[in-house]
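Undergrad: Chain by chain, the residues run as shown.
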Amino acid sequence: MDALLQGIGQVLNFQTLFLMFVGTIAGLTAGALPGLTATMAVALLVPFTFTMTSVTGLATMGAVYMAAIYGGCFSAILINTPGTPSSIGTCFDGYPMAKSGRGQEAVVGATVASVFGGLFGLVVLAFLAPPLARVALKFGPPEYFWVSVFGLSIIASLASKSLIKGLIGGVVGLLISTIGIAPIGGDVRFTFGQPMMQGGIDLVGALIGLFCISEVLSLIVQGTQSYEGVNVVHVSGVIMKTFRKVLSMPVNLIRSSVIGTVIGIIPGAGGSIANLVSYNEAVRGSKHPEKFGTGILDGVVATEAANNATVGGGLVPLLTLGVPGTPVDDSVNGALLIHGLRPGPELFTIHADVTYGFIFSLFLSTLMMLVVGLAIGTALHRLVSRLPLRLLVPSIVFLTIIGSYAIRNNTMDVFLMLACGFIGYILKEIEIHPAPIVLGLILGPLAEEGFAQSMLMAKAFPSPSHVFFGRPICIILIVMTVVSLTWPFVSAFLAKHRKGGTVNA
Amino acid sequence: MRAKTRLAVLGLAMLLVLGGFTVAVAAKYPDKPINYIICFNPGGESDLTARLQQKYLEEILGVKVVIQYKIGGGGATGWSELVRAKPDGYTIAGDNLPHTILQPLQRGDAGYKTEDLKRVYCFEATPNALLVRKDSPFKTLDDLIAYAKKYPEAVTIGGSASWSANHLGTIELEQAAGVKLTYIPFTGSGSAVPALLGGHVGALMSYTTMAAQYPDQMRVLAVAAEERSPVLPNAPTFRELGYDIVEGAYRGVSVPPGTPDEIVRVLADAFRKVNQNPEYIAKMKEMAFDIVDMGPAEYTAFVKDRIPYYTKLLRDVGAIK
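These protein sequence lines are chains A and B, in that order. Those letters in the first sequence? Residues 1 to 505, by this note's numbering. Those letters in the second sequence? Residues 1 to 321, by this note's numbering.
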């Protein structure tokens, strides 16, 4: 208790609060800019924390982390470009909302959901960390393989119109993910003799191309005059109305937050997977699944609650075991080490004041994000919706080029991004949505690693089936995959059956 | 006479100008920001070290040092860009051993040749360490080797990446002890840790830094260094246990081929001074890095020395012809 109060005391001073405020704005900006991800933002901040006390440094970093994951929603909603991989799913409904003049509602809804998800993950971190961290370790290579197979099964619901086209998109994504050095074995694959291709296609660059450039191309081809169409709705009191609307979907909020927290806890995964899984479950749990993708608030709420919940979730294994839960936590780990704080049990005994101070500061920065986010979000929305297309499109293209270069400081990435944009446009014309492609791109390496590592593990067993089918979590994941794949057929059958039943009676 | 004097004066003036000019050129470096390329993810060992060095380098060199990430291909993307950069000392890159030897050997065209990197300074090392869980039945290295003799390939060893210091360390152990192990590569030293803690692999071939980070959860069976590591004084070396294995990762900094020796010297002096800074040393110790000091000549010779050794090792296991 003493340590808790001491930790809180170290946060509640002008300097720390001010830095957290600055960190929130910086994080929002980094998140909203395509190409600058949360991982990058936190990494760039690490050297600045040297000169601060441990608590101040961690609090500032936490504020940047939380805000950057959330900031991705702005570009997703306003210009159909996920600012970070954590907000891919936010494009699906957020952008259609913006296009039909309800951008402000989408931004406010995303903010409320992000704050809820963020707080949910942090509550779990504060009260349930040690037992959950032990569960995280149960995930080995075979479990990761099945997690990615389960993830790929989402294609069934992401590809709303045609399953075949969804599967084609998924395969394209999987194939793109094989370019470069193999994660296991180190073979050189599909680089066409270009050494610069050894790094493969970067996910963020592909995201920018597939979502943003392809959309810009359609805008140009359609010859639209204004980005949002004509009827921009600036309803007064939209903030309070949306607040109530979001809070009236508690099932969605809690389900998405749980998904985000759990995926955060599993080491290696993170917001990019959490937001898509959560979107999928929101579609499946909804009474009107057909409306998803046309611009409904439920979709935005699902993805944004989930990605911010990964912050608290990802810190669970990091703080208790020293195992980073999400890619951003690798940078957090570095900052902890530089401050002489070794993640693990020591953090809760010797350095308890620092740890509790850090967790407390995360709660505060989530609330700060609510205020700052609403202000910045509304302003950004106004700006984007008022800019004429002939100014907006060049600015967006400029941003995407800078963004795709910034990821790895590689000119090749700019060309690959543009190529992805053209491919994305053509595929969209034949109704292959970019979402399954991205899903394949994210899950391909994870599935490949899991599979190759499991096959190697199997050398210690009589046959590989012991590894793939003999472990309890694997069996659960396989059942989930089968259910997920057959769900559309089963639900259709049940609906038909029920109808038939009532007719007979 | 007057003409001669004039000529002499002119000559003297020219000499002075020229002389002054050369002095100015030498004193001029560095006079603008230096780009320090890091070829691995933010938060990794290379990045952490560079971030620590940054402040001190800026103090010593008097210019900004900008850290840039060029990630991909296990470092190869960054290194192939370095060797094509302008050799003016304003582009430097963190370089790693054995990566910069093994990639050109094993990949055919990695985009750079080992010798292309002009070595400036090698500042740290992380020797390999063989780690098991605290509750593992393998109490000593002999336990593990005895089991591996009885059940070939049944002992799984996790490590960071394929054809890396960890991978080669495992191969060297197999050769030295005459056993068959199963090496399972992970995408980084960090991502192999949960696999050990969760019991998905039998042991880890990792670095001493990892052993120091998880003292409560892991036991060190042996360290692949010439001497015991100062951060793990109780862990025996492989040599003490009768296996002649010294392997690990070395981190240094390189410049593009053709960079003038003058500039290399300025940079090497700066990195040497950072290595002597007590504050820096303390931070490095906290993170369990071994501080190494190899100047340009020594570092280049060290690399040259390792090439035939790795070539033979890769040939022995059939990775190259």
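Calculated directly from the structure, the hints in this document are not laboratory data. Just so you know, not all the hints are guaranteed correct.
As the list claims (entries may be wrong) - Here are a few chain B residues that face chain A, going by a calculated C-beta distance under 10 Å: (1) D47; (2) K139; (3) T140; (4) Q213; (5) A282; (6) P296; (7) A297; (8) T300.
In this text, a Cβ means the ideal position worked out from N, Cα and C, and glycines have one as well.
Undergrad: Each hint should be assessed against the structure and marked as holding or not.
TA: Hint-by-hint comparison with the structure:
| no. | hint | result |
| --- | --- | --- |
| 1 | D47 | 7 Å, holds |
| 2 | K139 | 20 Å, violated |
| 3 | T140 | 20 Å, violated |
| 4 | Q213 | 6 Å, holds |
| 5 | A282 | 9 Å, holds |
| 6 | P296 | 26 Å, violated |
| 7 | A297 | 29 Å, violated |
| 8 | T300 | 23 Å, violated |
Hints 2, 3, 6, 7, 8 from the list above are not met by this structure, while the remaining hints are.
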